[in-house]
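Colleague: Each chain is listed here by its residues.
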Amino acid sequence: MREKATTLYLGPQHPGITGNMMVRLKVEGDTIVGATTEVGYLHRAFEKLQEKRNWLQSFTLMCRFCVPETDPMEESYARAVEAIEGREVPERAKYIRVMVLELARLASFMLWYGGQNGSLGLYTMGQWSVGDRNYILDLFEELTGGRVYHMYIWPGGVRRDLPQGFEKRVLKTMDYLEKRLDDYDDLMFDNAIFKKRTQGVGIVNKEKAIEHGVVGPVLRGCGIRSDIRIDDPYEVYDKLDFEVPTAEGSDIWARALVRRQEARQSIRIIRQVIDMMPGGEFYNKVPNPQKWTLPKGDAYVRTESVRGEIGMYIASDGGTNPRRVHLRGAAYVHAITLLEDVLIGENIADVSAIMNSLGTCPPEIER
Amino acid sequence: MQELKQKLTANIKAAYPEIKEKDYPGNRLDFTVDKQYLVSILTYLKESLGYIHLSHIACVDWLEEGEFEVIFILWSPEEKLKVFLRVRVDRENPVMPNVDMIWRQANTYEREMREMFGIQFEGLEAPEEFVLEDWQGPPPMRRDFDTESYANETFFHRPGREDALDVREEIIKRSREEIPDFAKKYSR
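Heads up: the protein sequence lines correspond to chains P and G, in order. Counting from 532, one number per residue, gives the positions in the first sequence under my numbering. Counting from 41, one number per residue, gives the positions in the second sequence under my numbering.
Hints may be right or wrong, so weigh each one.
Some but not every residue of chain P turned toward chain G, in silico, with C-beta under 7 Å [unchecked claim]:
hint, residue
1, Asn551
2, Val817
3, Pro820
4, Gly850
5, Val864
6, Ile867
7, Glu871
It is worth saying that the hints were derived from the structure and are not from the lab. Virtual Cβ for every residue (Gly too), placed ideally from N, Cα, C.
Turn these sequences into a full structure, and let the hints guide you.
Modeller: So this is what it looks like as structure tokens:
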């Protein structure tokens, strides 16, 4: 006998993701037979606001697009503006940018460790990793003045030079975090509960990945080697030596394995960047921001964030303000059409873990 | 890189002679297409030429020209090229073909464009609302949508807070400071 389907409202607040988003589930018993994503709790109309602000004022809004990882947005805005104008960026600024991007990536991984385990009821991991994330935020505070929102990477370079002895402190933190990542493995990847709850859950296979335009760790988790830092290199990533980890399995476990390796690769990149850091200027000064106009044209740049590809489209009409800024984050494609598809057939208890594993970030969807 | 671009241009020109192309430095190539060929050219690029990743769909409102420009950005993991497909639609009667059968995620972009610009997609199956809730006004991302006047007409000020209508003027009144020249254009 077929059971009658019930509607279950999951959200807007729930564990595992940052921000508010609702998923309306149709359930039969414990099994999901239909899902609809409802967004709209975090719309702040940034893209409309940017049309009323000049090029430098709208840069300050960029980092607020997604809270867990703010720097890729700033970097892609800066790079798109530079591409429209043809502005050169000093070599030192590019290295500093890569260092900041990778530090932000590590900080975001720390938050993911907490979120992924928290969504399964394993709270110890989050206490550890979010505690260790503070060491990276301390570095950010010293460098930029802000812990979460940095507003550091701006058109023309970066806002200020590295403080004295900063590289040494970064390396010291990296040594510490590398040791801690081994502790995390013991707690997370040797944990039978984590294994049992994640293997075979939330499967995104290759065909589904291409049909839905999946990016980032989710794509690498189904065995496709794809990373924008390698495929479409920006800043100085083409001069660095690092690997792109992949995993087979296409489930939450496979994606966790990919992210575990990526955190180690970030540490490797930061060490290389500090080793290769050139001297010289860090900022190619822009004209008076009130009168600064860009030539007519448009640019589209892509950045690899923790959750996957970030695309930034900027159009200029030759004036002092952007004509159109449009950001597409990984969550924009993962958390609506893909999530609705993946959830069918899963258990209610796994929804939060799947959402976290797909890199759901509602502020990035609504902007 | 240049050879790949020429090969791609030749391939597309052979199938669609009236397409205009524009080359950019780096790995970017632009094509301007008519909207009636859009679905077939996107399918051709995906199925035959290896442009399997739809990276972005952006919409720009060119109010002065009376047109919306919708830009499809595709990426080929093998050729490492970014291809822009530009489509112009009339602002008065904005109707576009739906492409979400080629890439499922296009559905989200189309929902957003329908809500924010008022572009209708033929045969789009999606819930009516995306981000906005019970929205009665004109599509808000259009250039002729005035945020300030819409807010003044739709919402009311809390009683006792009428003096905060223009914060800048109120500060000047209290502190007797002048507005700097550059800030005047932001003042009412």
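Colleague: Out of the numbered hints, which ones does the structure contradict?
Modeller: 1, 2, 3, 4, 7
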